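Undergrad: Could you fit the two chains together into a complex? Lean on the hints.
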Amino acid sequence: MKKKQFLAALLAGLMLVSTGCGASSNGGGSSSGGEGSGGDSGEITITIPSYKTGENVGAVFFEPQVERFNEQYEGTYHIELENVTEDVFNDQMKQLAQQNALPPLVQGGDKEWLRTVVFPNGMAYDISDWLADNPDIEALMLDDAVEYCTEDDGAIYSVPLATVRPTGFFYNSAMWDVADQDLSAMTMDEFIELIGDQQIAFSTAENAWVSALFLTALIADEDGGVDLLNSGIEEKITDLSQPQIVSAVEKLQSLLQNNASANSIGAAYPDAANAFMSSQASIIANGPWMSTDFEETNSANWSNGFDGANVRASLFPGQVGIAQTQNYGEWWISAEATEEERECALAFIEFIYTPEELEAYLLAEGGDAPNLEYSENFVTQQGETQVLADLAADTTEDTVFAPCILDVIPSSVGTSDLSRLLPSLADGTLTAEEFCAQLTTAAQEATAE
Amino acid sequence: MKKKGIKPGHISNTHWEKKNYKWIYLFLLPTTVIFLMFYLVPIVQVFVTSFTQWDGFNDPVFNGLTNYQNLFTSSSFLISLKNLLLWSLIAMFLHVGFGTLMAFILYQRKRGWKVTRAVFMIPNVISAAAWAMIYRFFFNNDFGILNSIIRKFNPDFEVQWFFSSPWAFWAVTFTWLFYAVIVTLLVLGDLMNIPQELNEAAVIDGAKGWQTIRYIQLPLCRNAIATGVIASITSRITMYEQISLTTAGGPGNDTMSLPILLVNAVTDYRYGYANAIGVLMFVIGLIMMGIINKAFRMNESDY
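Chain order of the listed sequences is A and B.
When you read off a place in the first sequence, starting at 1, and then add 23, the result is the number in our numbering.
When you read off a place in the second sequence, starting at 1, and then add 8, the result is the number in our numbering.
Hints in this document: simulated from the structure, not taken from any laboratory.
Among the hints, a few may not be true.
[Claimed, not checked] Label-pair restraints from in silico Cβ distances:
1) A/Glu-78 x B/Thr-81: 39 to 45 Å
2) A/Asp-220 x B/Thr-81: 41 to 47 Å
3) B/Ala-137 x A/Glu-78: 15 to 21 Å
4) B/Val-52 x A/Asp-167: 43 to 49 Å
5) A/Gln-204 x B/Leu-94: 49 to 55 Å
6) A/Asp-262 x B/Gln-53: 30 to 36 Å
7) B/Thr-81 x A/Asp-167: 36 to 42 Å
8) A/Ser-326 x B/Lys-122: 52 to 58 Å
9) B/Leu-94 x A/Glu-174: 26 to 32 Å
10) B/Asn-162 x A/Asp-220: 49 to 55 Å
11) A/Glu-78 x B/Val-52: 37 to 43 Å
12) B/Leu-97 x A/Ser-326: 41 to 47 Å
13) B/Arg-119 x A/Asp-220: 55 to 61 Å
14) B/Tyr-248 x A/Glu-78: 23 to 29 Å
[What the hints assert, rightly or not] Selected chain B positions facing chain A (Cβ under 10 Å, derived; list incomplete):
15) Phe-65
16) Thr-81
17) Ser-96
18) Ile-142
19) Arg-144
20) Asn-162
21) Phe-171
22) Gly-258
[Stated by the list, open to error] Derived coverage of chain B by chain A (criterion: at least 3 residues anywhere in the stretch with Cβ under 8 Å from a Cβ of chain A; other residues may be distant):
23) 52-64
24) 202-210
25) 249-257
26) 272-280
The structure displayed is predicted, hence computed values, not measured ones.
Even glycine gets a Cβ: it sits at the ideal position worked out from N, Cα and C.
Looking at chain B on its own, in the form it has when it is part of the complex (with noise of 0.2 Å):
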């Protein structure tokens, strides 16, 4: 006998769901024992030595805020908070928006589009420090690419891109700044999921192309251009690999990041003060997918 004020289906479902709570359970499992073992342990042991003066060996010794308080008096620190914003920015725009006009491009299916997908995809399989080393050669001022080129207009042309300033951060800037493609193809799926009924609608109530994307497929694909602004924004807050091996930071701190400064006390045996650059990185990713998430509405369902 059904319930007053129930609906079949409901019953089913919640009786399905019971069912497998178990089966649910047991798979879940092996994921959570390996998020406890290798992610909420050692993040809770960040946090924790983070308050302590540690040198990775002997027992940490409590100093209250004491890292936290030489993190935001130290100039390197604040400097690498300025690039993470500027990088921060640059990735929003500029890395994002080009991830995305590339997924529209995509979009338009004109010949081609496979292969050049497949060619935009080619960068993301080189790893970030291969990059690097190729760049230092791009860049380089004797032999380099780029250099050669300029020379053939201006022969006296000397630049060390990676080594002056203001050159360097832009420098460092350009070995990631086109590689989109995960933004491309998080957009593109979104795009491709848009249904064809909503495109054909806007045609005829008279949208041309441009309006289409800017009142239909661009608001349809916020969640996956707010994914891809997440992901390279975080990806900024860990940047290493290619930082280290260009310009290690310099020159002066033109360059510096958070991950160098973390491996530099590493190399100082300060790993609680390691760990308090550490926790920042960690808050302040916390706070960007926040706004993110706010800004781009990311809760919201489209359909």
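For reference, chain A alone in the conformation it holds in the complex (with noise of 0.2 Å):
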């Protein structure tokens, strides 16, 4: 009898130790926050989790950067990257902010979360000093984004973006026989008169992205439209039944019922990128870093006769180019990083705001870097990928950069209410006016205090 209570009271405090012991790990795991450590050799080495990584587009770019930076530091300093689904990566830093568990070297997040949680509360390194002692580099930021990430006091947590990357759109050259034209330089009727009955590869699940780039376009066409979407950088747009928008609304029906291509309806990002990629729609927009799937290497993914080298690229009518350069960049330092950690994290700032990595980024992904002078093989190496150099030539002076509508209205309006709505829109259940009353109600209702 007694070895039996001996044996219960053994089992029980068994289950309490181990209950225990699972919430002690639960609580004091900090290994997805990203270490540093100083290790035997000296090497300073830090852990950063990150979304470019595995299958992510952006890990084409991002990981060899990445083991560049390894071996020009190789005993000095070193990156390792924790691999972290894009669709969770920000939730992610929230948490990891909660627990104080930041890596020292954050990619990104939230805007409004940075803005609102991160920045004020302290939990970002200031760089500004950093930023004066590395003129060079400063040099190469945007103004409108160095003056974005200026707080009131001076400081500057969020590394300014030194690149542009207008979104346009991608229009198949053997379906659509347009490239002798500007297509940048006509109003957007003439545009949409143009396509006659082309197919458009539209989006409406999810964030309903490409649906979601067309009608920004569509608004920022509209007199005051670009006003209006600029707008809504400080403060969202919560009325949506704003005459611009109205008629932008009217002119993305009418593509949606006539040139949208088959599966558009409930189609999410992957499945418009297909219906381009299988010439079952001629044109698609979307940002310049879908420019690697037109390569030769990605012709698995190519069905139907398409081929990658007939792709052209144009920014939208109206010379109108989809980007923000008055945002946070990509990059910031958590406070809590130790001075190894921060020495680290600056010197792979400093790595990657080099020319040369500036310019294999932009060839790379596409873009611009206004700031920045270009070497000769730079061009010459741009001028070979054909819409890399579409969307060069179309990116001037005179280019109307333009906001993204899911950047400018509450965050639940553009990742739910919108692909909610836009099924309606398509089969003309309701109209331009009863769709934007319902975003509108909806981006109040997301607002109320």
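TA: Printed below as a string of structure tokens:
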């Protein structure tokens, strides 16, 4: 009997201890937060969670870039990447912040979270002194970006961008032979007329990314449309029944009803891309990073005679490029980082802002670095990638930059309400006015105090 | 010496219970600790912060009933309540009804009943998210099985099941309607526990097959059916993946649900509002359980 009692007590004790241990290990685990170490060799190593890893399209350039950094600073600094899915990346950063377990170097994060939580609460390291000590780097940064990233007290937490990647659209010149025309110089009405019965790859699921890009371009084409979009950078737009938006939605509805590829309704971005790369649609709106999909190395994703060599690119009519220069940059440093970790993080930022790395980035993902004097080699190489050359040719002083509609409306309206309502707009259940009225209601509810 | 008026067995039981109290408490301790840490504290936090304006990071600011007022004036919320009511009724009558019917069929122990039970179980080991994706293909207008079959008879048939009214509601309903294996197992368990004497007595009294089911077996499965109703209705209250991965609540608000609204509120950093939705889900769940408990007289013993 005594033995049985002892055994029972032991088991109960074990259950209790294992509960405690489980809780302890859960709470104490910080590996995902990234950590820095000096190591015996004196090499400073930091681990940073990144979504630009594995199968993510951004990994094609970013992972080799980190490898180049590690090679260049071998024995001094080393960066380990931790794979985090893009879908959950922002949420994971927030969770790590709540646990005071942020990595030393943080890649992006939700803009609203950075603006209202991270920076006001001293969770980021002020790099203004470092920038002042590195005027060459500061000179490369976009003026708008530096201004936006500079807080009222002069502190700079987010590393301002040096590049801008205006988003336009791609078209298959084998299906739509307009390569001899300057599409971005047209008016939107001329462009829509020119489209005729060509099929456009739209997406309406998830955040309706491709449709949202077209909607942005259509709004930007309206009188006062660009100003309206820009007004949403500081304060989210909650009145989506403004005349510019209603008029743009009317045109979008017409495009959805007359030109949308067969799988557009309910399509997520991969479905839209698939429609384009299987010759079911001749036009798709997307950023220059899609250029890698048209390289021969990715031809396994092509079908129905699609050939990436036939793809051309253009900014939207009215010389509209969708990009937000008044924005936070990609990187910031945690205030909790040790001096060694900070040293490594700053060395990495310095590395990625060297002219060579910026040019490599532009060649891989497209875009423009207005304050960088390009090397001859870069110009030659850029010309070899047709779509990047097209976009570079379209990006001039006259280019009108406008932020994407998804960035200037409340998050949930962009990620949920827009995609919920687009099918009803496409099948005519909702008129443009009703669609806008419902979005307005959703936006106002989403921002109610 | 025995105390007057108390049965010997009762003394023995009480004595045994008292002697083992410490062991009962000791074994309850881990569960209690886990409940307090991972359930009670968060639930209390959800209730408290539902009366605040809170972005999830900065300190919550008390705002009284504002979140609840905003909720009850939101058309999306009211539609999601209507949808919940409809789905609950469908769950109670069709989903549980189908599960119960399956249990009675299996109870007949016809040839192959064990295989049938195993096959019926299979959908339950596939996650709701995976089912949602399967159904996206099933209901796809271009290459989905359903429309392909319909087009054999009507070549012009075009319906975007998940993206047009009123079909989206029924398409979402279809993703869970017939997966009632939990109900089936619960009812089948009760059926198998019915003493054979009762069935035999009914037969001796002249009861035919349907009468035995109607007057003997069905009433004796009351508790299992009620448990099935509770399980299926609470699943409807928390139903998220099936909607999020198919219609995201659309088209319009046709398939809007409370969890979708909750997640949207979190996306907008409105944790106070999101928690108000959470509180209402909790309260609705409790009310449903109370009603079903009463309606099915779950506290009354049958044997």
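Undergrad: Against each hint, give a clear statement of whether it holds in the structure.
TA: Against the structure, the hints come out as follows:
Roughly 44 Å separates the CB atoms of A/Glu-78 and B/Thr-81, a value that falls within the hinted 39 to 45 Å. Between A/Asp-220 and B/Thr-81, the C-beta spacing of about 45 Å keeps the proposed range 41 to 47 Å intact. Here the CB-CB span from B/Ala-137 to A/Glu-78 is close to 19 Å, well matched to the stated 15 to 21 Å. Here the CB-CB span from B/Val-52 to A/Asp-167 is close to 46 Å, well matched to the stated 43 to 49 Å.
Distance hint for A/Gln-204 and B/Leu-94: a CB-CB separation of about 53 Å, consistent with the stated range 49 to 55 Å. For the pair A/Asp-262 and B/Gln-53, the supplied restraint of 30 to 36 Å holds, since their beta-carbon distance comes to about 35 Å. At about 39 Å, the beta-carbon gap between B/Thr-81 and A/Asp-167 stays in the expected band of 36 to 42 Å. The hinted range of 52 to 58 Å is not satisfied by A/Ser-326 and B/Lys-122, whose Cβ atoms lie roughly 45 Å apart.
At about 51 Å, the beta-carbon gap between B/Leu-94 and A/Glu-174 misses the expected band of 26 to 32 Å. For the pair B/Asn-162 and A/Asp-220, the beta carbons lie near 26 Å from each other, so the given range of 49 to 55 Å is not met. In this structure, A/Glu-78 and B/Val-52 meet the distance hint of 37 to 43 Å, their C-beta atoms being roughly 41 Å apart. At about 46 Å, the beta-carbon gap between B/Leu-97 and A/Ser-326 stays in the expected band of 41 to 47 Å.
Against the hinted window of 55 to 61 Å, the Cβ-Cβ separation of B/Arg-119 and A/Asp-220 comes to about 60 Å, which satisfies the hint. The hinted range of 23 to 29 Å is satisfied by B/Tyr-248 and A/Glu-78, whose Cβ atoms lie roughly 25 Å apart. A least Cβ separation of about 4 Å between B/Phe-65 and chain A falls short of the 10 Å threshold, and the interface hint therefore holds. At a threshold of 10 Å, the smallest CB-CB gap from B/Thr-81 to chain A is about 9 Å, leaving the interface hint in force.
Hint on B/Ser-96 is violated. Least Cβ distance to chain A is approximately 22 Å, over the 10 Å limit. Contact between B/Ile-142 and chain A, as hinted, is not supported at the beta carbon level, the nearest pair being about 15 Å apart and thus beyond 10 Å. Checking B/Arg-144 against chain A by beta carbon gives a least distance of about 7 Å; that is within 10 Å, so the hint holds. Look at B/Asn-162: its Cβ only gets to about 18 Å from chain A, farther than 10 Å, so that hint breaks.
Against a cut-off of 10 Å between C-beta atoms, the interface hint on B/Phe-171 holds, since the closest Cβ of chain A lies about 4 Å away. For B/Gly-258, the shortest C-beta to C-beta distance to chain A is roughly 3 Å, which falls under 10 Å, so the interface hint holds. Here's how the region 52-64 of chain B fares: 3 of its residues keep a CB closer than 8 Å to some CB of chain A, so the rule of at least three is met and the hint holds. Only residues whose C-beta sits within less than 8 Å of a C-beta in chain A count toward coverage, and the region 202-210 of chain B has 0 of them, not enough to reach three; the restraint is violated.
Judged by the Cβ-Cβ criterion of 8 Å, the region 249-257 of chain B is covered by chain A as claimed, because 3 of its residues qualify and three suffice. Given as covered by chain A, the region 272-280 of chain B passes the check, having 6 residues with a CB less than 8 Å from a CB of that chain where 3 are the minimum.
The structure is inconsistent with the numbered hints 8, 9, 10, 17, 18, 20, 24, although it conforms to all the rest.
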